[in-house]
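Line by line, the protein sequences give chains A and B.
Sequential numbering of the first sequence, starting at 16, is according to our numbering.
Sequential numbering of the second sequence, starting at 824, is according to our numbering.
Warning: the hint list may mix true and false statements.
Negatives, chain A to chain B, calculated, CB over 10 Å [unchecked claim]:
1) Glu47
2) Arg53
3) Arg96
4) Arg166
5) Ser210
Below, in silico cross-link-like pairs of lysine-lysine (DSS-like), each with a Cα-Cα straight-line distance of 27 Å or less [what the hints assert, rightly or not]:
6) Lys1095/B - Lys328/A
7) Lys67/A - Lys857/B
8) Lys67/A - Lys838/B
9) Lys199/A - Lys857/B
To spell it out: a stretch of chain A is covered by chain B in this simulated footprint if at least three of its residues, at any positions, have a beta carbon under 8 Å from a beta carbon of chain B; those stretches are [as the list claims (entries may be wrong)]:
10) 64-77
11) 191-205
12) 255-269
13) 342-350
These are calculated hints, taken from the structure and not from any lab test.
Small disclaimer: the values here were computed from a predicted structure and weren't measured.
Backbone N, C-alpha and C fix where the C-beta goes; we use that ideal spot for every residue, glycine too.
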Amino acid sequence: MSQFDRTGSLSTYVLLFCRFLRDHHFIIGPEEESDSFRAISHLTLISEHMFKYALKSSLVKNHQQYVKFDSLFEAFRDQYRKGVDAKERLKPETPKNKRPVIRNIKSWLSSDRGDDKLSLASFSAMHVSASISSVCVPDDDLAELKKLIERFSEKMENAFNRRKKYLPRGGPLSLRTTLRKSMKHGGEIIQLYYSVPKKNNTQLFLLCDVSRSMDLYSVFLITFIYAFQQVFRNIETFVFSSRLYRVSGYLKEGNFSKAIEKMMQEVDQWSGGTRIGECLYEFVSGYERKIDSNSLVMILSDGIDLGDPALTKEAMKRIYRRAGRIIWFNPLAGHKDYQPETRAMKAALPFIDVLVPLYDMESLKSMVSRTKRFKKMV
Amino acid sequence: MKDNISLDSISQMLKKQGYISDPQISLSLFLSIKMDKPLLIEGPAGVGKTEIAKVLANALDTDLIRLQCFEGLDFFHAIYEWNYQKQLLHLKIEENSGKSLEEREEDIFSEKFLLKRPLLEAITHQVKPVLLIDEIDRADEEFESFLLEVLSDWQITIPETGTVKASHIPNVVLTSNRTRELSEALRRRCMYLYIDHPDLEKEKAIIREKVPGIDEKFARDIAVFMQEIRKLRLEKTPGISESIDWAKALAELHFDHLDKNIVQNTLGIILKDWQDIREVQSSLTELYEKTGVFPKV
Chain A
16 MSQFDRTGSL STYVLLFCRF LRDHHFIIGP EEESDSFRAI SHLTLISEHM
66 FKYALKSSLV KNHQQYVKFD SLFEAFRDQY RKGVDAKERL KPETPKNKRP
116 VIRNIKSWLS SDRGDDKLSL ASFSAMHVSA SISSVCVPDD DLAELKKLIE
166 RFSEKMENAF NRRKKYLPRG GPLSLRTTLR KSMKHGGEII QLYYSVPKKN
216 NTQLFLLCDV SRSMDLYSVF LITFIYAFQQ VFRNIETFVF SSRLYRVSGY
266 LKEGNFSKAI EKMMQEVDQW SGGTRIGECL YEFVSGYERK IDSNSLVMIL
316 SDGIDLGDPA LTKEAMKRIY RRAGRIIWFN PLAGHKDYQP ETRAMKAALP
366 FIDVLVPLYD MESLKSMVSR TKRFKKMV
Chain B
824 MKDNISLDSI SQMLKKQGYI SDPQISLSLF LSIKMDKPLL IEGPAGVGKT
874 EIAKVLANAL DTDLIRLQCF EGLDFFHAIY EWNYQKQLLH LKIEENSGKS
924 LEEREEDIFS EKFLLKRPLL EAITHQVKPV LLIDEIDRAD EEFESFLLEV
974 LSDWQITIPE TGTVKASHIP NVVLTSNRTR ELSEALRRRC MYLYIDHPDL
1024 EKEKAIIREK VPGIDEKFAR DIAVFMQEIR KLRLEKTPGI SESIDWAKAL
1074 AELHFDHLDK NIVQNTLGII LKDWQDIREV QSSLTELYEK TGVFPKV
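Whenever a hint applies, use it, and build me the whole structure from the sequences.
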């Protein structure tokens, strides 16, 4: 590791590298830094490969980081060799034609649209402040949205299952189960059993299109997916444009602004082109073991796509085979003359159980009131 | 034991156990042992994640304790349970012994009535074991949170008897197929390793290691074919375990080359979905051309 002799010690190098990774959205705290030092201290002969692997084992925490790590390691090494100050210069590069992520999402949320457009189809009950530091949605609006989604959730839970389960605590006493279970103790009643309604373990997957064509509905959609994640317990949320991002972890944050802030750090493809097929395929390949007949897959997209419709068809087919039902929320479907004529919609249509218009609070209310109908239709 | 282990010795031990490793795998295992940190291994199904823990236990000449996770896995399946039947029997026997209620209660909540489940077994084991927590992504988030506590404090509290502290911190290997994202908190407590499908040379070496006596060219043909099959869009991409099963089956049937009939008749060994079988059957000609492993007719 001759480069250390020229420009600093091994510990400085590791610390600067940790900062560099932090700039690239790795979650690295003092514990990870200390782990990386401990890992290196256990190596007797440090070759560059072993050095890299030791850092990789201790600093990487998920597959996404695992994939990025090698190129970041090389980029840092090259910069370091050139003697560039790591703290100042090694921040993530922003391509000239690409706005920084934080501004991108702000404009996606509101500023790049004309007011007339905004009044046409965005979430009229809400006011969005596009200040640089935070995105604000009034608490009342969020609460109203959550209440609606809670109603949706209750309907989903209650309408499906009338089965009971029997537990040592809970609802009314079940004499039959108590006697049955006492058989193994020679008829001696040791435990009383009570009947409790069996909860439906419906697993939800919500995939939201955040490409440019969806800009008009952005305020509503981002609040919608946040509220959904907050209300439902078994839900995985993804956003996609030309890539798929899992954002459930960020949306679990109790504070809306903080949740959006965290999401911004990860997702760098807001308002880009759409590749629905590729993203749905990535989703079904990664989560197919989790999708079963108890799963409800909800896709929120206008179906305007640049990708291969054959791939959309294949991905939808795979989801359809596994999932209990597929609901496609399409903001355009609310228009009286709407026809699902886009390539992606045509490809996906045979596999959609319910196609629902969803673009503002009113359409959400209408959807919730029709929830029972979804079930009968499926 | 921990002090005597070196990186080279880990690589040699793995090799001795017939596990074809690479520097990243050996180093991750080595650091996990040295730093007493759990190793989280992610990767597609069938790439040998579970095998690592088994091999490690054999290599360290210690016991493997396995906790297979599933949806609904709870405290009682993972830590301990009281042996109710035995307690009841004991109470019946002791009915006329003249012991007081407190004494009898103390008796029945003692260690001999405790059924140790994997986590408790691991921390109270006589020698430092390897604890395999398999497919953690299948367990519920509540269980994951509970596991965090065990993995950081290495102690378990049993309300009736008190707190049990670990006599040895076990070597912990967690595996996940990434069907659900694990929490950041759990990830941050672990070292991380991702194992992907092996490349051609590694796959060939694994087949040769696991199927002794197989011809080198034949092993290569199987590996080439499997590499091409993985490029197709399949419901269930076959892993290295399927390659080994296939190679073993072909060797059992005394085949020493691949041809169209052999492949068609044995596709069920490597593919577990009828649509995948249909997809591969329809692409066989193309696969023949790509792999070049079949004799031209």
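Practice prompt. Hints the structure violates: just list their numbers, smallest first.
Written response: 1, 2, 9, 13
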